[in-house]
Each structure stands twice: as structure tokens, then as C-alpha cells.
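Trainee: Letter by letter, the chains look like this.
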Amino acid sequence: MSKQSFQLSAADFAPAPPATHAERIVRPSLSYWQDAWLRLKKNRRALSSLYLVIALLLFTLLGPWFWTQDYTLQDLDMISQGPSWGSAALVVEDPGAWEGVRGDALPLPQGQELGATTQLTVEGAATTQYVRLYWNAVPGAQHYLIYRNDHAPDSGQDLGLPLGETLRPEELSFADRLQLRPQTYWYTVIASDGLTEAASGTTLAVTTERAITTTQARERGLEATVGASVQLPAHPFGTDYLGRDVLARIMEGARVSLFIGIVAPLLFIAIGIVYGGICGYFGGTLDIVLMRIADFVIALPFLLFMILFRIGFGIGPGESGIFPMLLALVLLSWPSSARLVRGQILQIRGEAYVQAARMLGARSLYLIFRHLVPNVMGPILVTLTFAIPMAIFTEAFLSFIGMGVSPPTPSWGAMSNEGIRTMLSSPHELLFPAFFISLTVLAFNLLGDGLRDALDSRLRSRE
Amino acid sequence: MLIEATALRKFFSLSGGRQVHAVDEVSLGIAEHEVVGLVGESGSGKTTFGKTLIGLHDKSGGEVRYRGELLPARYGAADFRKQASEIQMIFQDPYGSLNPRMTIFEIIAEGLAIREGRSLAALRDKVVYWLERVGLHADHLSRYPHEFSGGQRQRVGIARALIVEPKLLICDEPISALDVSVQAQVVQLLGELQASMGLSMLFIAHDLSMVRYVSNRMAVMYLGSLIELGPAEDLYFRPLHPYTQLLIASNPEPDPEHERQRQDQLISGEIPSPVDLKAHCRFAGRCPKAEARCFEERPALREVLPGRLVACHLL
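Residue numbers (this note's numbering), protein chains in the order written: chain A, 1 to 463; chain B, 1 to 315.
Note that these hints are calculated values from the structure, not bench results.
Computed from a predicted model, the values in this text were never measured in an experiment.
Ideal placement from N, C-alpha and C gives every residue a C-beta, glycine not left out.
One or more of the hints may lead you astray.
Pairwise CB distance ranges (calculated) [as the list claims (entries may be wrong)]:
| no. | chain 1 | residue 1 | chain 2 | residue 2 | range |
| --- | --- | --- | --- | --- | --- |
| 1 | A | L327 | B | R67 | 56 to 66 Å |
| 2 | A | F369 | B | H258 | 50 to 60 Å |
| 3 | B | S273 | A | A16 | 52 to 62 Å |
| 4 | B | P252 | A | Y51 | 34 to 44 Å |
| 5 | B | H137 | A | L327 | 52 to 62 Å |
| 6 | A | L61 | B | D179 | 50 to 60 Å |
| 7 | A | F369 | B | R260 | 55 to 65 Å |
| 8 | B | G29 | A | G284 | 40 to 50 Å |
| 9 | A | G284 | B | P272 | 25 to 35 Å |
To be clear about the criterion: a stretch of chain B counts as covered by chain A if any three or more of its residues have a C-beta under 8 Å from a C-beta of chain A, and this derived list gives those stretches [stated by the list, open to error]:
| no. | region |
| --- | --- |
| 10 | 15-25 |
| 11 | 36-45 |
| 12 | 243-257 |
SDA-like, lysine to any residue: derived pairs with alpha carbons at most 20 Å apart [as the list claims (entries may be wrong)]:
| no. | chain 1 | residue 1 | chain 2 | residue 2 |
| --- | --- | --- | --- | --- |
| 13 | B | K82 | A | S364 |
| 14 | B | K82 | A | L367 |
| 15 | B | K82 | A | R363 |
| 16 | B | K82 | A | Y366 |
| 17 | B | K167 | B | M197 |
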């Protein structure tokens with residue numbers, strides 16, 4: 001331990017150079033909205049829901065430019081078809097009136113049973129438009145029964161109910177135009193003497209080809225020469241109970257649903273901002289009276305009044321019912337946003353920076369637009385994002401129970417309502433609109449969640 | 001006197017017709033270039049007095065004269081505009097006193113922008129001058145309040161108030177939300193600015209030891225009433241009112257030797273509710289020296305010694 005090793009000189013006591021400034025901020029400066037955007041970008045769930053919302057809007061706005069099928073065009077040959085990617089079809093003549101094949105009624109020889117039909121033949125091409133059958137007369141037959149099956153019948157036992165019957169013994173033909181699909185059918189013709197059917201008949205397997213008539217081809221703007229092969233429109237989401245394209249209807253329905261879902265909240269929040277802003281800023285008796293009116297509207301039973309509004313407006317023929325619904329939504333929904341804005345304004349009005357601005361001589365308009373409005377925009381934006389799915393869902397629900405937009409205007413709720421009738425046989429008519437309702441509501445809710453987190457000032461660093 | 005309050009009152013109405021006597025007949029004047037320290041416990045009404053004095057609260061009674069001119073009992077935007085170049089205020093909460101959506105430049109320039117209606121760009125030089133005068137830097141201009149520490153924000157608040165060059169500055173507990181190390185810096189800055197600009201100041205605080213460094217005179221409030229007023233050093237070392245004595249005695253000493261010797265005289269009980277007060281000495285219930293007459297009559301503020309005003313029956 002040596003004590004001499006530690007030497008101090010006067011130079012060691014020179015004052016340290018003064019710090020130019022104690023705290024230097026090196027982080028890039030971010031405004032409130034930039035900071036919120038950064039935080040939203042970090043939230044993967046909110047960001048993907050934002051992309052989803054953008055995709056839905058593009059789907060709605062740009063979709064009809066690419067998917068040009070008319071959402072009102074009914075194709076009765078394509079009723080409740082599942083998803084398909086289009087198919088070739090033969091153009092055939094309009095069925096018109098087919099006089100059919102006639103023969104003579106042959107008397108039944110004594111002691112003989114009714115025999116089987118012979119020479120069962122298809123006239124022309126078998127298409128989905130019509131299958132024309134004719135056969136030879138059976139002695140003693142008074143009329144003939146025609147059966148159609150999807151499989152080869154084993155015996156007379158599993159023929160099922162007849163597809164049709166002829167009326168007179170001279171009629172030896174039958175035109176089948178009943179919901180034909182491109183597949184193989186087994187036709188069986190059995191003679192009958194008016195009381196009993198023959199023990200056996202003749203079965204003919206017929207494979208039908210997809211076809212449209214010249215008139216239908218002309219309607220769709222396709223080549224209308226008989227015998228031409230044309231490409232039928234694809235139905236990726238299938239067709240509904242009137243043969244309308246579900247994809248085109250979803251796109252058009254999205255316009256209705258999103259229009260109500262976005263415009264109604266924008267309107268009632270705008271009313272809420274003005275109304276709540278007046279209450280919060282001026283206060284006093286005016287505030288008390290105006291807020292009691294708002295309380296009164298909140299106390300009204302929402303669904304009951306939505307339905308009453310709709311009945312009260314009375315949707316006339318040819319009207320879509322969008323406007324009455326929008327009005328009813330706005331009239332019943334504004335008080336909650338007015339309350340929110342009022343509360344926010346009251347809170348901010350007491351903040352020291354507002355008092356400081358008053359001390360500096362700020363006028364009302366300056367205070368409102370410089371201090372109050374920018375500071376309530378965050379919570380209002382969050383409310384808006386949550387109000388959108390609520391409005392979409394309300395519209396869908398009311399249309400679903402038949403109290404929303406009126407047919408033929410498609411909306412997702414109305415389409416679900418139509419789809420639920422054929423839910424078991426063709427579920428796609430219900431599933432697609434229901435899926436889009438769920439997706440949209442979920443996307444907006446997740447986005448609202450993310451926005452609330454991103455804009456929450458409590459999460460911002462204060463030091 | 002530059003500004004003088006006479007029997008100033010501020011009552012807040014509660015439901016059921018009851019009233020909070022936040023400020024009850026307080027008379028206090030501030031001379032030119034003078035700093036008056038206003039101290040008291042939380043809830044004593046010192047902040048309410050400050051805000052009522054300059055119009056941020058409507059007056060319930062009494063009057064305030066500024067340079068002999070009567071100030072309105074209820075302020076409108078035009079009244080604030082008229083006095084903006086004369087009276088300004090610094091707020092207690094350095095977080096709540098700056099608008100989070102505005103840049104430091106916009107915040108500091110606000111007073112000039114409102115008064116002169118000029119575009120913000122034309123004010124840049126002046127804003128930079130004030131930013132540097134309060135110890136911040138020009139590269140802080142485009143930043144937002146949340147990027148600053150409490151002490152830096154308080155400096156921004158000071159620059160905002162002083163850029164319009166007022167004659168009177170109300171400092172509402174400007175240091176109580178700050179760290180002790182930063183408190184001294186801010187007090188020092190305020191002292192420098194006061195001296196160089198010839199400001200009059202009302203310095204509201206609950207910490208006596210810090211206030212006495214900046215104040216010429218000190219005033220003590222208790223439950224809405226002014227109970228003692230006198231030269232700062234004199235009042236601090238020779239408090240006359242029993243409450244002031246207890247308040248100063250309960251102040252911890254920084255020196256451990258002295259702190260150990262200090263007799264901790266706790267004031268018994270809580271500060272009573274200022275709702276529907278009885279007409280006797282406000283401190284009587286907690287006063288160790290209270291007599292019968294303290295519970296009967298409210299003592300008036302009177303000059304006990306030259307320059308020393310006390311509201312107590314016992315002196």
C-alpha cells in the first residue's frame with residue numbers, strides 16, 4: 001500500500017465544459033397522427049383488417065367493372081346452381097310448339113295383355129332445353145306414362161312418380177322441358193289402358209347437352225345461330241332461386257350494405273359532433289335541455305322504431321327503401337355520439353392549455369377549431385369505426401327479417417333471407433352473403449380495436 | 001398597487017343549494033416589480049384565488065382593480081383579449097398545459113398569432129428568441145409536447161406566457177409537479193426573467209422554503225381565508241399565526257443534524273370541508289392555542305407589527 005502513487009494536480013480541478021443542453025432529443029419528431037399510424041402498423045391484426053377493409057371497398061367499387069354480369073338478369077335454366085366456372089352450350093331453336101308424333105290407336109287383340117313400348121327414340125339432339133321422345137303405338141293403349149330417372153331403373157318398381165303422361169292414344173310423343181341438367185337421364189315409357197299400366201316398358205338412356213335457345217342467346221348478346229357453340233357466363237358463387245348470378249348480387253348488395261353502413265355513421269356522428277359540441281362548449285341550461293332530448297331518443301326501443309319508421313315511410317313500388325332506412329338509422333343513432341363528443345369537449349375545455357389560450361385572448365371559433373376539435377378527433381374516429389359494423393349489421397338484420405330494403409334491390413341481409421329458404425338444397429345462396437356480412441363486421445371491429453389502441457393517449461409515452 | 005383584490009370571493013355551488021367557500025373575502029395587492037408568494041395546504045383556495053383574480057373563474061363577490069381600473073366580474077373573450085398583454089399565467093400541470101396536437105412553435109407563437117393575427121412564419125425569430133431565453137433550443141421548434149420532460153414543458157409554458165410581454169404573471173404551483181433538481185432550475189429561471197423584465201408575480205405554491213427565495217412578500221391562506229401576510233424572510237423565520245408556525249415547523253430541514261433536532265409538530269386533524277363554513281376562526285378546530293372566542297368570532301386581518309398582517313384573536 002503506497003500512499004505516494006496517487007498525485008493530484010491543479011489541472012484535475014478544472015471545471016468540466018458546460019453542457020450545451022442537458023437533454024437532447026434525437027428521436028425523429030412525430031405528430032399525433034404519425035405516431036398513431038406507426039402504432040397501428042405494428043399491430044398486425046389491425047393492419048390486416050385494414051387491408052381487408054380496403055379490399056372490400058375495392059371489391060364493391062371496382063368489382064362491377066370487371067364482373068359485368070347483370071345482377072337482375074334471371075336465367076331460369078340456371079336456378080340455384082352451385083358455383084361453376086362457365087361452360088360451353090349449344091344454341092338450339094326456341095322450343096316453340098312441337099306437334100309431336102301421332103299414330104293410330106291400335107285395338108287390343110282379344111286375350112292379350114298390354115305390351116311394352118317399342119322403338120323409344122329421341123328426336124333431334126337431346127339438350128338441356130328439351131328432350132323430345134317418340135315411340136311406336138302399343139295395341140290397346142289409351143295413353144302413355146313417361147318416367148324420368150337419374151339412374152338406370154332395375155324394374156318397374158323403382159320408377160317413382162311419372163314425369164308426365166299423354167292424354168290420347170294417338171299421341172306417341174313427349175317433350176320433356178322440366179329442369180334439365182347436362183347429365184344422363186333414363187326415360188321409361190309405359191303404356192296404360194286407362195286403368196292399369198303395362199307390366200313393362202322401354203327404358204332409354206339419354207345424355208343431354210347444355211344448350212340455350214336462340215332467344216336466350218340473343219338476350220345475352222351471344223351468337224344466335226342454331227348449332228353454334230357459345231360460352232355461357234361463369235357463376236363462381238352460383239346462382240340464386242331466380243337464376244341470378246350470386247357474385248354480381250353480392251357486389252351490388254355490398255354497395256347497398258356499405259353505403260348504409262358508412263354513410264349512416266358519418267351522418268349521425270356529424271350530427272353528434274355539432275350537437276354534443278354545442279352542449280359541451282356552451283353548457284348551462286341549453287346543455288341540460290338538449291341532453292334531455294338526447295336521453296329521450298336513446299330511451300326509444302331501437303328495433304321497434306326502425307320497423308315503425310319503415311312502415312311509416314311506406315315504401316312504394318319500385319323504391320329500394322335505402323333512404324328511409326338511412327334516415328331511420330341516423331335519427332335513432334345520433335345521441336350516443338353526441339354524448340361522447342359532449343363528454344370529450346367538457347373534459348378538454350377544462351384543460352390548462354384551453355385556459356392558457358383564453359388568457360391569450362382566443363375567440364370561441366379559434367378555441368373550437370384549434371384546440372377542441374383536433375383533440376376529439378381520435379375518439380370520434382374510433383367511434384366511427386365501431387359504428388360502421390353496427391350499421392352494417394343493423395341493415396343486414398332488418399333486411400333479413402324483411403324490414404329493410406325491398407326486392408329486387410339486393411343487400412346482404414336480403415340475400416341471406418332469400419337464401420335461407422333453400423338452405424338445405426343449395427346452401428351457397430345463404431353462405432356467400434352471410435360470409436360477407438361476417439367478414440365485413442369482423443374487419444371493421446378489428447380495425448376499430450387497433451385504432452383505439454393506437455390513438456389511446458394513455459399508451460403514449462409521457463416522459 | 002398594480003393589481004389589488006378587495007374582499008374577493010369565489011363560491012362554487014353544490015347540489016342542494018350548498019356552497020363551497022373556496023375563496024372567502026381575500027384582500028391582497030401586488031405592487032409593480034413585486035413578487036408575492038401565496039402558500040397554503042391543498043384545498044386552501046390559493047389556486048382558485050389566482051384564477052379568480054385574473055378572470056378564469058367568475059367572481060362571486062368583491063372586486064379586483066388593475067392599475068386602478070375595475071376588472072369585470074365575468075369575463076368574455078373580449079375581456080381576456082384586452083388584458084392578454086398585461087396578465088398571463090403559468091399552469092401547474094406541465095402535461096395538461098400544452099396542447100398535444102400542436103408543435104412547440106405553434107404553442108409558443110399562439111399569443112402573438114392571436115394578438116397580431118400574423119401568420120406563424122413571420123413570428124419565427126421571436127419564438128426562437130424566447131425558446132432560447134427559457135433554455136431550450138431552436139431545433140425543438142417542430143417537436144410535440146410529449147417528447148419533452150416535465151421541466152422542459154414548464155419552460156415552454158413560461159415562454160408562451162412571456163412572449164406577449166405581460167406586466168403581471170400568475171404562477172400556479174409551477175414547480176410542484178417537477179423533480180426537486182428541476183424545481184430549482186425553474187425557480188431560478190423565473191427569478192431571472194422577473195428581474196430582467198420587471199415583472200410582478202403571484203407565486204402560488206405549497207412549499208414555503210422554495211417560495212421564500214423568489215418572494216418579496218408572502219401570504220398564507222387557510223380554508224379560503226388569508227391568515228397571514230408579511231415580508232418573506234420575516235414571515236418565514238418569525239411566523240406569527242399559529243397555523244403558519246405549524247406549517248413552517250412541519251417543513252423538513254435539508255441538514256440531517258437540524259432535522260434530527262427539529263420538533264415535529266403535527267397539525268392535528270384534516271383540513272375541514274369548505275362547505276357551509278361557520279362564522280368563526282377557520283383554524284380554531286385544529287389550533288393548539290384556541291380559546292373560547294376563537295369559536296365565536298372570525299378574526300379580521302390586522303397589522304400586528306409594522307408590515308405584518310395576521311388574522312388571529314390571540315395577537
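Trainee: Please write out, lowest number first, the hints stated earlier that are contradicted by the structure.
Mentor: 4, 8, 10, 11, 12
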